[in-house]
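There are 2 protein chains.
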Amino acid sequence: IEAESNSEIKAWMEPLHPADIAEIMDELTMEEARYVYLLLGGEKASDVLIEIPEQDRKRFLKELPPELIASKFIEYMDSDDAADIMADLDEDLKKEVLMEMEDTEQAGDIVDLLEYEEDSAGGIMAVELVSVNENWTVATCLKEISRQAEEVDEIYYIYVTDNNDKLKGVLSLKKLILNSTGTQISNIYNPDVISVSTGARQEEVAELMDKYDLVAIPVVDDIGRLKGRITFDDVIDFVREEAERDYQMVSGITGDVEPGDKVWQLLRARFPWLLIGLLGGIMGALVLGSHESELAQVTELAFFIPLIAAMAGNVGVQSSSIVVQSIASGVKEIESTWKRLLKEVLVALATATIFAILIFVYNYISQGNMNLTFSVSISLFIVIIFASVFGTFIPMLLHRLKIDPALATGPFITTMNDIIGLFIYLGIGKMFFELI
Amino acid sequence: IEAESNSEIKAWMEPLHPADIAEIMDELTMEEARYVYLLLGGEKASDVLIEIPEQDRKRFLKELPPELIASKFIEYMDSDDAADIMADLDEDLKKEVLMEMEDTEQAGDIVDLLEYEEDSAGGIMAVELVSVNENWTVATCLKEISRQAEEVDEIYYIYVTDNNDKLKGVLSLKKLILNSTGTQISNIYNPDVISVSTGARQEEVAELMDKYDLVAIPVVDDIGRLKGRITFDDVIDFVREEAERDYQMVSGITGDVEPGDKVWQLLRARFPWLLIGLLGGIMGALVLGSHESELAQVTELAFFIPLIAAMAGNVGVQSSSIVVQSIASGVKEIESTWKRLLKEVLVALATATIFAILIFVYNYISQGNMNLTFSVSISLFIVIIFASVFGTFIPMLLHRLKIDPALATGPFITTMNDIIGLFIYLGIGKMFFELI
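Top to bottom, those sequences are chains X and E.
The first sequence maps to residues 1 to 436 in our numbering.
The second sequence maps to residues 1 to 436 in our numbering.
Think of the hints as simulated: they come from the structure by calculation, not from any bench.
For each residue, glycine too, the CB sits at the ideal point set by N, CA and C.
Don't take each hint at face value.
Unchecked claim - Covered by chain X, per the in silico footprint, the following chain E stretches (three or more residues, Cβ under 8 angstroms): (1) 74-85; (2) 112-119; (3) 137-144; (4) 151-162; (5) 211-225; (6) 276-284; (7) 393-407.
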């Protein structure tokens, strides 16, 4: 590919979308990628830079002189992307790049944006937007929009403000076009605008935009002045990342893992939960060890250890996942904690009854030891109910304590339930074999 | 709330967003909700209907006469929403509603849309869009858009077609406004338009829109004629649902579960995987039963059954989740199957070595039986490697066979690995205690 014929590469990349170029870059070496970058025009180079994965971007930028970063990338970007990229740079490099920027307005915007918390509305918004004054006419607006639109990729909505920059409402381009040029904006805009404050959390923003199907949402400061807007693409990314995180949590993986990762990265992400599993296993061994004499007398008791542990684990994961998902999807707590626990108990009672009977029938048919048959069925019944309630209660408790409830899914709940399940099983087994 | 003062309720609901009204409705009884619906104006009533959960909507519509469904809801809806709702109705009711519709064009569109597969681009697109002819001028366009825009909620993009209705390109409203009224469209539109065919799968559509950050994507038929468009809100819902489905799969829950569901719904969703867990447990009991004499002689062997089972299960779930997630996120298969398996083996080797040493140290310190200490460590080593490879291989195989790989996460992989892990453990234990 790299036969160094600059003009050919250039001509070939011209019609490609930045996202596609980023994908191609991904397969090039550092050297090659850098070479290709310098061939790209400013606007395109910066668009491509946004599309490549964060880690590659960091490594790439580290190699470049600050004035090049400023002139070739940051100046062409939307303020939100620029701020994101700058936030990843080292303090010194960041300052140097800001100094090198010719567009001081853009530099100022970036500094402002960097002030906000990274996962607040202020931290993800872009300052580029189209706003008009409520006192203008449609004609003035169209002229003003032409001027402002140069900096904005897509307009989506036009925000209407008063003389103090306070957000008054929203206007669609459609409405603007459908009205005669003499109409005053204050007569046609929609005052029911949904906005968020700069301090709002990303989750809230995503929830609002999803609920009201918004392409973009305006961000205002504490006294209602329009500060920026957040567009749907930021929110799609966030929704996807959140879902992936919960998924990984329940699978016992910490941190972001991709199949392209190196061996040690995969190892590091998988290690913590496996360690918990190991500790749980050791505790299980201790529980069993403390019942050594029963196990020695009645070897059959050991046969159903995996069954009890597996059922306890599975039921626990199911219960905790349902709770975590309902919390994540922002379901309003129409049902009180107690009502939810009560329902979980009902579900657990039904599940426990069904499975206790199933295993009873199996054991009754397959062999004659009635003590074992009763021990297993009764233990399974109790274990399922306990695991359900425990799996529901723990994430709810964590949520109350403002700890991420997803922590309580997957390996943690499985391990806990395994141990407690064994304890219950052996206790009941002991009772049966000693009593009768 | 229901003091029956119609005008008050009406006045109170007027400024509310449909999504908010839908939430309030959710807490009313059927009777009350119906009453409130009939108070709402047509446009708003249909917007609210789209927002309420599918199940409630079905129940609600069943109670209404067909002519009311047609005149009060379907006529006001966008074609995609109307088709979705119609698809849920019984055949007879569907026909009756279509017959009752006064807007025959809308009825025709709905019939056309119902022809497409539900999860294809054709099945999710709306026919409402704004399209202009490439030979028109900006002035003609603006006039034409004013006419077309009445049927379209949000314009987003203007699609440019030739005389045969074939999609030629795309034009933003911004560009239209920025150009003088005499300019011909063919000189200003962007011919690099990304479109999908009516037969494209929902996943593809979501991937394209996400990759290129599109608010809307045009849908064309096999010869390139513009048929409809899909907007971002449909895709956000899809992305969210997909993620939820995978999450539930790994948690051992089938079907869509919400905490508000009834007890029997929750039970039904949880039953299948628990049954697999039970069968796995019974198979585990059989495996242990076949090693009864060893267990009777060396009771301590039983102590580490939960540890082996838990580690096998956890490692397997981690491996399978990583594969499933990479498939779901549409990562291109840069790495070949063999390369990925090789890497998994490396990760597994490292993990297995670490944990085998850890458990060896524990057992060495805590007690003297060297046979048991060696058995547990060596088994754990083998089990971890086996579970990793198995957990990676099975979902990849399913994917090849065009079966949803997510089926192989959670309880299935855990159960399989549990049983095989026990088998390995007892086999090795037997060897050690007999040999030495």
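(message) At least three residues with a C-beta closer than 8 angstroms to a C-beta of chain X: is that true for the stretch 137-144 of chain E?
(response) violated (count 1)
(request) Report holds or violated for chain X covering the stretch 151-162 of chain E, Cβ cut-off 8 angstroms, minimum 3 residues. (result) holds (count 4)
(request) Given that the stretch 276-284 of chain E was listed as covered by chain X, double-check it with a C-beta distance under 8 angstroms for 3 or more residues. (result) holds (count 6)
(message) Can you tell me if the stretch 74-85 of chain E counts as covered by chain X, using C-beta to C-beta distances under 8 angstroms and a minimum of three residues?
(response) As far as the stretch 74-85 of chain E goes, the hint is violated, because 0 residues have Cβ atoms under 8 angstroms from chain X.
(message) Can you tell me if the stretch 211-225 of chain E counts as covered by chain X, using C-beta to C-beta distances under 8 angstroms and a minimum of three residues?
(response) Coverage by chain X holds for the stretch 211-225 of chain E (4 residues, Cβ < 8 angstroms).
(message) Three residues or more, CB to CB closer than 8 angstroms: is that satisfied between the stretch 393-407 of chain E and chain X?
(response) n = 0 at 8 angstroms, threshold three: violated.
(message) For the stretch 112-119 of chain E, count the residues whose Cβ lies under 8 angstroms from any Cβ of chain X; is that count three or more?
(response) Our answer is that it is violated, as 0 residues pass the Cβ test (under 8 angstroms) against chain X, missing three.
When the structure is compared with the earlier hints, violations turn up for hints 1, 2, 3 and 7 and for no others.
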